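Student: Spelled out, the chains give:
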Amino acid sequence: MKKFLAVVKREYIQRVRTKFFVVATILGPVIMASFVVVPMLLASIQTGGPTRLAVVDESGKVYERFREALNRPRGEDEEETVKVSPAQAVNANQQDRMKQTAQARQPGFTVEQVSLDGKSIDQVRLQLGERVRKNELDGFVLIPKNILVDGKAEFYGRNTGDIFTRETVGDRLGNAVRDERLAQKNINQQDLRDANKRVTLTATKISEKGEEKVSGSGLAGFLVVFGFGFLIYMTVLLYGQMILGAVVEEKETRIAEILFSSIRSFPLMMGKLVGVALVALTQLSIWALAFATLTLVAAGRGLPVALPHIPAVIFLYLVLYFLLGFFIYATIYAVIGSMVTTTQEGAQLAMPVMAILAISLWSSLAVIRSPNSSLAFWGSMFPFSAPITMLVRIVTETPPLWQILLSLGIGISTIMGLVWLASRIYRVGMLMTGKKATIPEVWRWVRQA
Amino acid sequence: MEEAKATLILEHVTKSFGEFTAVSDLSLQVRPGRVFGLIGPNGAGKTTTIRMIVNITVPDSGTIELFGQRMKTALQDRIGYLPEERGLYKKMKVGEQLRFFAELKDLRGDEANKRIDEWLERLELTAWKEKRTKELSKGMQQKVQFITAVIHDPDLVILDEPFSGLDPVNVDLMKETILEQKAKGKTIILSTHQMEIAEKLCDDVCMINRAHKVLDGKLRDIRRSFSRNAVALQFEGGDGLLNDPALVANIRQKGEDTEVLLVPGASPQTLLKRLVESGVNVSKFELVEPSLHDIFIEKVREAA
Chain L
47 MKKFLAVVKR
57 EYIQRVRTKF
67 FVVATILGPV
77 IMASFVVVPM
87 LLASIQTGGP
97 TRLAVVDESG
107 KVYERFREAL
117 NRPRGEDEEE
127 TVKVSPAQAV
137 NANQQDRMKQ
147 TAQARQPGFT
157 VEQVSLDGKS
167 IDQVRLQLGE
177 RVRKNELDGF
187 VLIPKNILVD
197 GKAEFYGRNT
207 GDIFTRETVG
217 DRLGNAVRDE
227 RLAQKNINQQ
237 DLRDANKRVT
247 LTATKISEKG
257 EEKVSGSGLA
267 GFLVVFGFGF
277 LIYMTVLLYG
287 QMILGAVVEE
297 KETRIAEILF
307 SSIRSFPLMM
317 GKLVGVALVA
327 LTQLSIWALA
337 FATLTLVAAG
347 RGLPVALPHI
357 PAVIFLYLVL
367 YFLLGFFIYA
377 TIYAVIGSMV
387 TTTQEGAQLA
397 MPVMAILAIS
407 LWSSLAVIRS
417 PNSSLAFWGS
427 MFPFSAPITM
437 LVRIVTETPP
447 LWQILLSLGI
457 GISTIMGLVW
467 LASRIYRVGM
477 LMTGKKATIP
487 EVWRWVRQA
Chain S
25 MEEAKATLIL
35 EHVTKSFGEF
45 TAVSDLSLQV
55 RPGRVFGLIG
65 PNGAGKTTTI
75 RMIVNITVPD
85 SGTIELFGQR
95 MKTALQDRIG
105 YLPEERGLYK
115 KMKVGEQLRF
125 FAELKDLRGD
135 EANKRIDEWL
145 ERLELTAWKE
155 KRTKELSKGM
165 QQKVQFITAV
175 IHDPDLVILD
185 EPFSGLDPVN
195 VDLMKETILE
205 QKAKGKTIIL
215 STHQMEIAEK
225 LCDDVCMINR
235 AHKVLDGKLR
245 DIRRSFSRNA
255 VALQFEGGDG
265 LLNDPALVAN
275 IRQKGEDTEV
285 LLVPGASPQT
295 LLKRLVESGV
305 NVSKFELVEP
315 SLHDIFIEKV
325 REAA
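Keeping their order, the protein sequence lines are chains L and S.
The first sequence begins at 47 in the working numbering and counts up by one.
The second sequence begins at 25 in the working numbering and counts up by one.
Derived from the structure by calculation, the hints contain no laboratory data.
As the structure is a prediction and not an experimental result, all values here were calculated from the model.
All C-beta atoms, glycine included, are put in the ideal place defined by N, C-alpha and C.
Where hints are given, some of them may not hold.
[Stated by the list, open to error] Only pairs whose alpha carbons sit at most 20 Å apart, straight line, appear in this in silico EDC-like list of lysine to aspartate or glutamate:
id	chain 1	residue 1	chain 2	residue 2
1	S	K115	L	E298
2	S	K158	L	D225
3	L	K48	S	E260
4	L	K165	L	E200
[Unchecked claim] On the chain S side, residues computed to face chain L include the following (Cβ under 10 Å):
id	residue
5	L52
6	T81
7	G104
8	Y113
[Claimed, not checked] According to the in silico footprint, chain L covers these stretches of chain S (three or more CB under 8 Å from chain L):
id	stretch
9	88 to 102
10	115 to 126
11	146 to 157
Work out the full structure: start from the sequences and follow the hints.
Tutor: And the structure:
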């Protein structure tokens, strides 16, 4: 046991101290931040004061409503957004959030009405253009006479690439025009709002414990699981190589022989696995901490941050199955590492392994629709797909405890079995130095060692 | 001579890999406090034998007994092993590396640190303690590797080709160190194909060839039994003196020496007397014992 700890300690310290680890640990959150937080922060930066807008209303009917609409706080009287499918929602969410952020920070508009005063529309446009150039205005809107009929207007601005301003102007003008049209048809504002009120669907889950209120849309739970599945996938992808390297290292450097004269191969292999796993967990914890900090900072700055609420039990399962998934796949890398003589060779062999993981990740989409199907059941028992499939089941329709325990048990036994296998192959393979092993040879090694 | 109980006893040990028999029916005894030479050509089965002794592999048949017990994992900590294929963690610092290997042998704490410093001092490596192993020359790495084999003060030290790749200064340093270990009462198994070194260091030898033991015993006895009744001579004058078929069987020039092989039963004293009486100026007269090298070659040829 002490020797096992010595191996764990060495693997851990040697790896955590490398430049690669330090750089990757720092760069991880930086990259994460640049994908998520930076756009939000950037979009929320207030550039200057309110947008100065001139409006030329040739129709003479829309200006008042338009001005009002522009200065109305957002959220009121907006079109209901079209519901999207869960898959799209992941992306749409992100975009929405950015838009909301930007709009929340929109400093508003100062609107001035410009009348033609006998001048031609072209003259006025040139005049206003000149004022925009002199930075007396940020932009202007030309509302033609028959806007109520054909619904077309023109926006001129210094920065037409500012999609937020352009979109807001378009939206509000649209509202103004719509209201004016309805007013002309004698439909009053309040009736319209009442008509637009949306239907809300409250979901109640019926489980063995009775009825349970589902907070949120239920989508959140799925996203969390999918996110965790993806996390397992990424972690294995990132650190599997490291396991492979750790196992092959002693063969490449011929240290194995002296190790085997001091320690049995099972604790040696287990020590390596645990050591590298701790490295991975250290890095992930640092990242999680950084993420939490960034989130808090963002929330502190008044940015809308939506974090799904996860019950403690579910969180426990998430951690358990994450560890299970990580170790199961890490041991496969260890087995591969024990068979090959170079890391490159091992990387090729590891490809199909990642395919299994990817398949179980995507098949979770099928599992979520029927979490009690036999596919779901066997998927959550089969050790290589259990981590993700079982998580999906736990979040959607928590299976009986015995099933969870059974799948954990199968998973842990698989890990032990694979480590045993790896250590056996490793030990004999090391003694047959040099040549690449064929599968029948490896099988013989396993029986022989 | 009454002998102490052997440190290591191999009895009828056989090990095969598939069709290939690496070690066949090998029996030997290594006595405590002595340097035991395991010699033989490349591929003879030396390394496989050693791997069985350190419990990396187990024999297909036969028994290995160490310190009076059947070989088992727990005994590994009492063995120090310098494998032929050297390997150290390239990126680890020398001090850390030694510490790790010490811990693998169940030696830890201040005692480990103290011994590491002592050994680095002894092998003139103190300045390199904080250096990464890859910055060391090959010879220095080998000395570090040697320390890993002795750091835990094992009762049995197994050295597989400990001198390969060392410069003459370090060869001497290594020899001294090995003899120090012997003086401390350690049992040493030295596997090598460098016969001159084996000759100087070993008390006992076991020669194996093609998986079989061909010879073993005390080095002195072996050499005596292979004695060919020869004399190495250096002298001036006295031409034709040696042309006496009743006394001399063969003459050959070996460097500055004239090596005279006497006919069986003839006494070297007779030759010396005749030389002195004839007034020849004798500057060297030495009874030649066959070198281990010669015995080795002879035995290998015999088997072929």
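Student: Please work out if K48 of chain L and E260 of chain S have their alpha carbons no farther apart than 20 Å.
Tutor: violated, 71 Å
Student: Starting from K115 of chain S, check that the Cα of E298 of chain L is at most 20 Å away, please.
Tutor: Given that 20 Å is the threshold and the Cα spacing comes to 13 Å, the pair holds.
Student: The hint names Y113 of chain S as touching chain L; please verify it with the least Cβ-Cβ distance against 10 Å.
Tutor: Status holds, d = 7 Å.
Student: Measure nothing beyond the straight line between the CA atoms of K158 of chain S and D225 of chain L; if it is 20 Å or shorter, mark the hint as holding.
Tutor: Given pair K158 of chain S, D225 of chain L is violated - Cα atoms ~79 Å apart, limit 20 Å.
Student: Below or equal to 20 Å on CA atoms is what counts here, so check K165 of chain L against E200 of chain L.
Tutor: Distance of about 18 Å is within 20 Å: holds.
Student: Min Cβ distance, T81 of chain S to chain L: is it shorter than 10 Å?
Tutor: Interface hint status for T81 of chain S: holds (7 Å vs cutoff 10 Å).
Student: With a cut-off of 8 Å between beta carbons, are at least three residues of the stretch 146 to 157 of chain S near chain L?
Tutor: violated (count 0)
Student: Count residues of the stretch 115 to 126 of chain S with a Cβ under 8 Å from any Cβ of chain L, then say if the count reaches three.
Tutor: Since three or more residues must qualify, the claim that chain L covers the stretch 115 to 126 of chain S holds, with 4 doing so at under 8 Å.
Student: Less than 10 Å between beta-carbons is the criterion; does G104 of chain S satisfy it with respect to chain L?
Tutor: holds, 9 Å
Student: Can you confirm whether chain L covers the stretch 88 to 102 of chain S, using C-beta to C-beta distances below 8 Å and requiring at least three such residues?
Tutor: Result for this restraint: holds, n = 3.
Student: Go through the hint on L52 of chain S and say holds or violated, using the shortest Cβ distance to chain L against 10 Å.
Tutor: violated, 19 Å
Comparing the model with each earlier hint shows violations of hints 2, 3, 5 and 11; every other hint is respected.
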